[in-house]
Amino acid sequence: MPEFFKQKKLLAVFATMALLAAGFIWVLLSSGPLAKIKIVVTEVQEQRLEPALFGIGTVAARYNYRIASNNIGRATTLNVDVGDKVEAGEILGIIDVVDLDEKINAQAALVERNKAQLNEAQTRLDYTGKQAERYRKLLPSRSVSEELDASKQHEWILARSQMRSATSELVRAQAEHLALLALREDRYLRAPVSGLIIARHIDQGATVLAGQTVFELIDPQQLWIDVRFDQAGSMRLAEQQPAQIILRSQELQAHSGYVARLEWLADAVTEERRAKVMFTQQPTPAPSIGELAEVTVQLPQLASTPVIANAAIMRQAGTLGVWLLDDQQPVFQPVRIGRSDLAGNVQILSGLSAGQQVVLYSSKPLTSNSRVKRVKQLVDTP
Amino acid sequence: MISLAGRDILHAWGKFVFTGVGLGLLIGVTLTMAGVYRGMVDDAQVLLDNSAADLWVVQKDTLGPYAEPSNLPDDTWRAVANIPGVATASNVTYLTMQVSSASGETRALVTGIANSGPGSSGWPLRLLAGRQVSKNHYEAVADIASGFKLGDSIQIRRNRYLIVGLTKRMVSSSGDPMIFIPLLDAQQAQFLKSNDAIAQNRRRISQNPIFNNPRSPEVLEAVMDLQESNTQVNAVLVQLKAQAEPKQVAEDMRRWLRLQVYDREQMEQILVGKLIATSARQILMFLVILAVVSAAIVAFIIYTLTMGKIREIAVLKLIGTHNKSIISMIIQQALALGIIGFMVGKIAATVWAPFFPKYVLLITQDTITGLLAVLGMCVIASFVAIYAALRVNPADAVGG
Chain P
1 MPEFFKQKKL LAVFATMALL AAGFIWVLLS SGPLAKIKIV VTEVQEQRLE
51 PALFGIGTVA ARYNYRIASN NIGRATTLNV DVGDKVEAGE ILGIIDVVDL
101 DEKINAQAAL VERNKAQLNE AQTRLDYTGK QAERYRKLLP SRSVSEELDA
151 SKQHEWILAR SQMRSATSEL VRAQAEHLAL LALREDRYLR APVSGLIIAR
201 HIDQGATVLA GQTVFELIDP QQLWIDVRFD QAGSMRLAEQ QPAQIILRSQ
251 ELQAHSGYVA RLEWLADAVT EERRAKVMFT QQPTPAPSIG ELAEVTVQLP
301 QLASTPVIAN AAIMRQAGTL GVWLLDDQQP VFQPVRIGRS DLAGNVQILS
351 GLSAGQQVVL YSSKPLTSNS RVKRVKQLVD TP
Chain X
1 MISLAGRDIL HAWGKFVFTG VGLGLLIGVT LTMAGVYRGM VDDAQVLLDN
51 SAADLWVVQK DTLGPYAEPS NLPDDTWRAV ANIPGVATAS NVTYLTMQVS
101 SASGETRALV TGIANSGPGS SGWPLRLLAG RQVSKNHYEA VADIASGFKL
151 GDSIQIRRNR YLIVGLTKRM VSSSGDPMIF IPLLDAQQAQ FLKSNDAIAQ
201 NRRRISQNPI FNNPRSPEVL EAVMDLQESN TQVNAVLVQL KAQAEPKQVA
251 EDMRRWLRLQ VYDREQMEQI LVGKLIATSA RQILMFLVIL AVVSAAIVAF
301 IIYTLTMGKI REIAVLKLIG THNKSIISMI IQQALALGII GFMVGKIAAT
351 VWAPFFPKYV LLITQDTITG LLAVLGMCVI ASFVAIYAAL RVNPADAVGG
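Heads up: the sequence lines are chains P and X, in that order.
FYI, our numbering numbers position 164 of the first sequence as 164, with every residue one higher than the one before it.
FYI, our numbering numbers position 164 of the second sequence as 164, with every residue one higher than the one before it.
Derived from the structure by calculation, the hints contain no laboratory data.
Check the hints yourself; a few may be wrong.
[Said to hold, decoys possible] Simulated crosslink set (DSS-like; lysine-lysine; CA at most 25 Å straight-line):
hint : chain 1 : residue 1 : chain 2 : residue 2
1    : P       : Lys276    : P       : Lys38
2    : P       : Lys36     : X       : Lys60
3    : P       : Lys373    : X       : Lys149
4    : P       : Lys115    : P       : Lys137
[Stated by the list, open to error] Okay, the calculated beta carbon distance ranges per label pair:
hint : chain 1 : residue 1 : chain 2 : residue 2 : range
5    : P       : Ser30     : X       : Phe18     : 47 to 55 Å
6    : P       : Ala18     : X       : Ser325    : 25 to 33 Å
7    : X       : Ile198    : P       : Trp26     : 56 to 64 Å
8    : P       : Met17     : X       : Gln365    : 22 to 30 Å
9    : X       : Ile198    : P       : Gln328    : 12 to 20 Å
10   : P       : Arg66     : X       : Ile198    : 35 to 43 Å
11   : X       : Thr62     : P       : Met17     : 38 to 46 Å
12   : P       : Ala179    : X       : Asn213    : 25 to 33 Å
13   : X       : Pro354    : P       : Ala199    : 55 to 63 Å
14   : P       : Thr123    : X       : Asn213    : 56 to 64 Å
15   : P       : Leu292    : X       : Asn213    : 41 to 49 Å
16   : X       : Ser103    : P       : Gln204    : 50 to 58 Å
17   : X       : Pro69     : P       : Ser370    : 18 to 26 Å
18   : P       : Leu29     : X       : Gln98     : 37 to 45 Å
[Unchecked claim] Here are some of the chain X residues that sit facing chain P, going by a computed Cβ distance under 7 Å:
hint : residue
19   : Trp13
20   : Val17
21   : Thr19
22   : Pro118
23   : Leu128
24   : Gln132
25   : Leu150
26   : Gly308
27   : Ile339
28   : Met343
29   : Lys346
Backbone N, C-alpha and C define an ideal beta-carbon position, used for all residues, glycine too.
Let the hints inform the model, and build the full structure from the sequences given.
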């Protein structure tokens, strides 16, 4: 009996000690300097990169008409408001210049007066013309003196000048009358094109200064995105390249478009390049002007080169490179990198060739003496 | 020759093991406390390592960018890059803020990184999954401690960012996980006011007739734009050429650019010596007290164990056992207890360390120091017990 107990006790002792030792060895091997560094390895691919350029911009109208008054006046009638659709030539409002009608009446009276003056001058011309002719005929028979004849000729010349002066005066008065009439016609603010009113800056009854914008009108069928791209990497950006547009209000739905214009003026402060991207088919409902949009422009495909994921690129002592796996031992290989795409792939210009195994992820910093263990993934990824 | 200690341990195995486990848990707590202290210091250092910078250029007369706010115009880096000896210079912004996602909120250090490609200073050093940021807007790489997953969408101020990569041990000096976003977005996030504040500001400006003159409506627009744009960064991170002398380059920058420049050593002094000094000392003080208390408890346990066997020791003396044998029995038992305790403690500390919200760094040097301290303590504690055992009168074995 005691023998049995003794054996059982020995067993318990050994079991406990084995458990403790196993736990301790597990701790030593899973943490600390003896532990292996877990790595995920990837292969260098030979691939043609399809770089893309990502930028943000705002929705803008391609044509924006600011309708202003030419005169100082009062906005007596405003027919339309924001959101109204208008036809080309439609009257949007009337700017009343306070004394314009009275000025027109005065001018009309002036025209009448000038007509009367012209009439008077014409009559005088006719009379002096006949008198001058008659005296000229009488001169050879010595019935009138030469002096009298010269006097009649002089009167006739004066009457012709008066006639010309009266004609010009009438033309001037009529022109001024027309100008005032034109001004009256200009009281009407007309839509230059068919479109949509997006802003009304004043309300009825307000006084408007000459040149002050009253309405803003756009063509809602001609919207585009004013996009800003980082200058770095924008070399191959060109007009007509296809683009994908995501509006902030329609995050889940991408719209297609194309680069309609590449601006010559870049933003020197933000170091960005500007471009206009047009929708291929304008979305409905139309986005609001000024809405934020994300634009991805597809650039031309590049030549085939070795390509790796950007997560593999490290810097060691000032040198850019990757950790190559040489017979299960990591070796640092300096590389020269080229362009990259938005999926995070980077061209390798020198230092690697297709098919080589490089470390993509590692659980700890690697050194050339690190013991490594390959795993499929370091964290659960969805 | 039989091992007295072995025999005795075997005799009261259960009691011995449980004492050892209890002692071990205490040692585990002490080791963890050391880990907490090391983790705290490491957090500060890892922030500097992760910047991959040799020099930090910050606003004049500040301790920025980590210990104090610092602002620089975002074109300063060009002037910095022109100083002889500089290999690369990149802008960076830091902003500690609450970042929210569908799964919850976390406090994070949002870092704006310049569009200079992986391997540049300021960028995450290495990833666990996913990829580095490749768009210059609305993408983010997050530290795994933030709890975000690949594909998560997080909200920073007004915009949403897609988590494209996960990294590890990229934390601020106070242990908050870092989230890396493109510099342009970070600049905007840092200085963006709330929509209400912007709207009210616009209203104030538009009521000022100087800015809102009907004759020139563009003035108002220009003033508004000026109010809402930001061209500041917090620091410029500088990598030096291999042959450059950091002190000399730093001196050149201070002299010609009239900016504050710190090298690695000075930055470490600011972070460890100033920023976390008090809290680290607090933990250190607690660690010292815990170590002293643990040592006292080890001594008590061994003394009590020996005292529990005092009658048996008296018998041993009675039958003429050498003192040497008794001493070696007590010391062996004490050491065995110490070793079991240490192993249990080390296992316990390693097992529970990852569950701490902040980083607990168990370094080998601390483990070895701990082992030596435990064994030393056991030997010292057993001296008291030995003294008591040797003084025992063999007659006590038969007495009451």
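Each hint tested on the structure:
1. Distance hint between Lys276 of chain P and Lys38 of chain P is unfulfilled; the C-alpha atoms sit about 48 Å from each other, more than 25 Å.
2. Taken as a hint, the Lys36 of chain P and Lys60 of chain X pair is broken in the structure, with Cα atoms around 45 Å apart against an allowance of 25 Å.
3. Between Lys373 of chain P and Lys149 of chain X, the direct Cα distance comes to roughly 24 Å. Compliance with the 25 Å bound is thereby established for this hinted pair.
4. This hinted pair does not check out: Lys115 of chain P and Lys137 of chain P have alpha carbons roughly 33 Å apart, beyond 25 Å.
5. The hinted range of 47 to 55 Å is not satisfied by Ser30 of chain P and Phe18 of chain X, whose Cβ atoms lie roughly 26 Å apart.
6. For the hinted restraint 25 to 33 Å between Ala18 of chain P and Ser325 of chain X, the CB-CB distance of approximately 29 Å keeps it satisfied.
7. Range check, Ile198 of chain X to Trp26 of chain P: about 57 Å between beta-carbon atoms, so the 56 to 64 Å window is met.
8. About 27 Å separates the C-beta atoms of Met17 of chain P and Gln365 of chain X, a value consistent with the hinted range of 22 to 30 Å.
9. As the Cβ distance of Ile198 of chain X to Gln328 of chain P is approximately 57 Å, the hint placing it in 12 to 20 Å is violated.
10. In this structure the supplied range 35 to 43 Å is violated for Arg66 of chain P paired with Ile198 of chain X, their Cβ-Cβ distance being about 25 Å.
11. Taking the beta carbon of each, Thr62 of chain X and Met17 of chain P are about 59 Å apart, not inside 38 to 46 Å as hinted.
12. In this structure, Ala179 of chain P and Asn213 of chain X meet the distance hint of 25 to 33 Å, their C-beta atoms being roughly 30 Å apart.
13. Between Pro354 of chain X and Ala199 of chain P, the C-beta spacing of about 60 Å keeps the proposed range 55 to 63 Å intact.
14. Range check, Thr123 of chain P to Asn213 of chain X: about 58 Å between beta-carbon atoms, so the 56 to 64 Å window is met.
15. As the Cβ distance of Leu292 of chain P to Asn213 of chain X is approximately 29 Å, the hint placing it in 41 to 49 Å is violated.
16. Checked against the given bound of 50 to 58 Å, the beta carbons of Ser103 of chain X and Gln204 of chain P, roughly 54 Å apart, stay inside it.
17. For Pro69 of chain X paired with Ser370 of chain P, a C-beta distance near 39 Å fails the hint of 18 to 26 Å.
18. A beta carbon spacing of about 39 Å between Leu29 of chain P and Gln98 of chain X agrees with the range 37 to 45 Å that was offered as a hint.
19. Nearest Cβ of chain P to the Cβ of Trp13 of chain X: about 6 Å, under the 7 Å cut. The hint holds.
20. At its closest, the beta carbon of Val17 of chain X sits 6 Å from a beta carbon of chain P; the interface hint therefore holds under the 7 Å criterion.
21. Against a cut-off of 7 Å between C-beta atoms, the interface hint on Thr19 of chain X is violated, since the closest Cβ of chain P lies about 13 Å away.
22. Checking Pro118 of chain X against chain P: minimum C-beta separation of about 4 Å stays under 7 Å; hint holds.
23. Checking Leu128 of chain X against chain P by beta carbon gives a least distance of about 4 Å; that is within 7 Å, so the hint holds.
24. Interface restraint check for Gln132 of chain X: the shortest CB-CB distance to chain P comes to about 4 Å, inside 7 Å, so the restraint holds.
25. At about 5 Å, the closest approach between the beta carbon of Leu150 of chain X and any beta carbon in chain P falls short of 7 Å, and the interface hint on this residue holds.
26. Annotation: Gly308 of chain X was flagged as interfacial toward chain P, and the flag is violated, the nearest CB pair being 19 Å apart, outside 7 Å.
27. At its closest, the beta carbon of Ile339 of chain X sits 9 Å from a beta carbon of chain P; the interface hint therefore is violated under the 7 Å criterion.
28. The beta carbon of Met343 of chain X comes within 5 Å of a beta carbon in chain P, closer than 7 Å, and the hint placing it at the interface holds.
29. Taken as an interface hint, Lys346 of chain X checks out: its beta carbon lies about 6 Å from the nearest beta carbon of chain P, inside 7 Å.
In the structure shown, a violation is registered for the earlier hints numbered 1, 2, 4, 5, 9, 10, 11, 15, 17, 21, 26 and 27, in ascending order.
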